[in-house]
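> Please put together the full structure from these sequences, using the hints given.
Read off the chains here:
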Amino acid sequence: MMRMLRKASWSQIGMPAVLVGLVVVFGAINPNFWSATNVTNVSRQISVLALISIGQTFAILSGGIDLSVGSLLALVSVVCAQQMLEVGVAGGVVAGVLAGGLAGLVNGVLIAKARVPAFIATLGMLVAARGVALTLSGGLPIAGLPREFLVVGAGNWGPFPVPTIIVAAAFVVAYVTLSRTRFGRYVYAMGSNEEAAVLSGINVAKYKTLVYVVSGLFAGIAGVVLTSRVISGQPTLGEVQELHSIAAVVIGGGRISGGVGGIGKTLMGVLVLGILSNGLNLAQVSSYVQNIVIGAIIVGAVYIDVAGERRRRGSTVTS
Amino acid sequence: MQVITERPLLEMKGIDKRFPGVHALNDVSFDVHPGEAHVLLGENGAGKSTLIKVLSGTFPPDSGDIRLDGQSVRVGNPHDAQVLGISTIYQEFNLAPDMSVADNIFLGREPMRRHAPGIVDRKALIDQARKLLDSLDTQIAPEMIVSQLGVAQQQMVEIAKALSLDARIIVMDEPTAALTSHEIDRLFETIQELKRRGVAIVYISHRLEEVRAVGDRATILRDGACVGTVLVAETPLDELVRMMVGRDLKDKFPKIHVEPGEEALRVERLTRKDVLRDVSFHVRRGEILGIAGLVGSKRTETARAIFGADKLDGGRIHVHGRRVKINSPADAIRNRIALVPEDRKRHGILAYLSVRENITLSALSQFSRGGFLDIQRERTRAQEYASSLRISTPDLERRAFSLSGGNQQKVVIARWLITNAEIFLFDEPTRGIDVGAKVEVFQLMGQLLKRGAAIVMISSELPDILGMSDRILVMREGRVGGEFERQEATEEKILTCALGGATYAVDASSGAHVS
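Chains as they are written, first to last, in this note's numbering: chain W, 1057 to 1375; chain B, 2 to 516.
Everything labelled a hint here was simulated from the structure, so no lab data went into it. Bear in mind the structure is a predicted one, so any value in this text is a computation, not a measurement. Every residue, glycine too, gets a C-beta built ideally from N, C-alpha and C. Among these hints, one or two may not hold up.
Sample of chain W residues at the chain B side, in silico, Cβ under 10 Å [unchecked claim]: (1) 1239; (2) 1242; (3) 1332; (4) 1334.
Structure representation (structure tokens):
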């Protein structure tokens, strides 16, 4: 048993243990933690982070990063709201998602074809997308969206919140894509060793571009959900969300330089962040202090992973 | 050779080290005297590196005794080792590439100005560095930036650094791996000089030819245990091989003769600006075309160009008599061409993918429909290839980095077998793998030939080229320098052709300069 524990990695044993621990402790501190209202609240609150973290998982697994997803939320929100007022709810939703995908395509072409480092290309997009959102909206919120659009962010389907169902569906699609498709395998391959991937005949430029389109599309879906939750187009949404999504990926056990990680792990990271913030709120810990805790968790999780990796690598001695 | 009478400077006694699931060192002992070079010889995975990591304080041993001048010492971390006068020069140098040579030598111990503590005395720094470098008879100026130096010069900087630390024991881990033969000779001279100064050298190698040139004694390790310690001058090479491998390697080159069939690959006047010029050759089914040449003769570039990894400016490629356009590795793979690259870690293995995923990576279309993978079928097929190549791994889901060099090489070969490749470009297929695995790789080539494959084998090991090739192409500065039939080829002829009258150094690993 001890040996098993020693061999198992942080993300296999440690992370679920932390999650269970958090739930038990918060449940003990405040009985409301377990209430149906609170559980559905948490699942609503984390929906946007969950969606952009899925896209971020693709980017990081492939050996890149997508810093633009936070700003894309704002861009998508503005585009979605404006189009909704013009052509109706469905048109707005589609336009919003496509705006995310299009921005992702720009990222992808810059990274894969022009060979701008992902960090720089998406940093540029982070700044520029925010600028586009502010320009399109004149810096003002876009109000007066149709009431029926509320259902996306605030509605229920049976006992389940609609955003939670969207997230669940997105996770399933992403999980299957990463673990059961060629594209998914190539994402891991590029992140593990890009040069070897090229020499194995993988069209790296094509699949890399696709990675950022995927990330952009998930940011698009997230932006639409967020727009519904605030029932307006907001050019200031999503600040620093890109950093939270990166945190979710690495807390779950994703390797920041690619090749290791997965959708399940990211889900765990998102849950830890969401439950932590909710539980601390219920325990009336100030949001200032919450930031300190979350910061420590990000570094701590990666530290444990790195330390474990070193230990396991030590066991594979070469001459 | 000197007579060894005095007390050993360093003794390692009964060193034991376990990692989870591996008994890395099992009761290993050796000693080294002042002014002696002691070679630690063994195949990859024998425990050489672990042993020196114990000595350098990277891995504290589980049990055992390290003695300096007969006194038991504790080497708990690399700093302890430094204080004790033990310096290790790893294959990957510990130098700051963007700083000057002098800064690197005295990094962290810069001489300070006498009246202004905290301010580095640049003049003293440069002077002291120069003195050290001159004493090693190098041409390196202390002001030079490390990244502008060649590998051999960087190694000299490391040695100078060790001397500046008053090292009494210098450990060198495969120091010749990246050197040309001229540079190797220089290194050996430096080692002699260090010995004259009374420095003890611990020299790690799996190259037998070097043992003679360097060592006074050799300790042979196998599977983490000492096989024995021998006086190098009195031990024949065959005996050393037997001790390393644990069996007689009767046939180091299991060359089989297959009647060559039709032409499989023909390249005509391949040209890439400033790299390749008018490279033409062909290879038939059932035939191995060896490509020899010095380091820098652009053999790797030739293979990469054929494989579509680098763009060509001119030339034609014919596969089975048909002209083909190859603009990417994917094009090459479609034409049943495979490249087993020289630098396995950088270009071959995907370290974080599993063995299964590594094997099937280039052939996923066989296991997918509409982009979806049939993992069960993938696993079955990967298992077939892993078994037939005898890839040694506990299971296929292990990440590839946990495999030994020889097994990683087999994984890369399996990746191509599964694509049904028929033309194999092997670039230094035996580099960094041990004697046993080397024979297996050669046997595998034989099997490929029997199945009608054509093989192009680039190698810097002349014995390999001579032992395995049906024809030999010699490259020189991006061109074809000559071609030899198997029967007429000799080391001398190939070397003369490779040198082409120029005074370039012979490649390090050719083995032609020693033995």
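> Confirm or reject each hint.
Consistency of the hints with the structure:
The beta carbon of residue 1239 (chain W) comes within 6 Å of a beta carbon in chain B, closer than 10 Å, and the hint placing it at the interface holds. About 8 Å separates the beta-carbon of residue 1242 (chain W) from the nearest beta-carbon of chain B, less than 10 Å, and the hint is met. A least Cβ separation of about 28 Å between residue 1332 (chain W) and chain B goes past the 10 Å threshold, and the interface hint is therefore violated. Violation of the interface hint for residue 1334 (chain W) is found here, the shortest Cβ-Cβ separation to chain B being roughly 34 Å, above the 10 Å cut-off.
Against the hints set out earlier in the document, violations occur for numbers 3 and 4.
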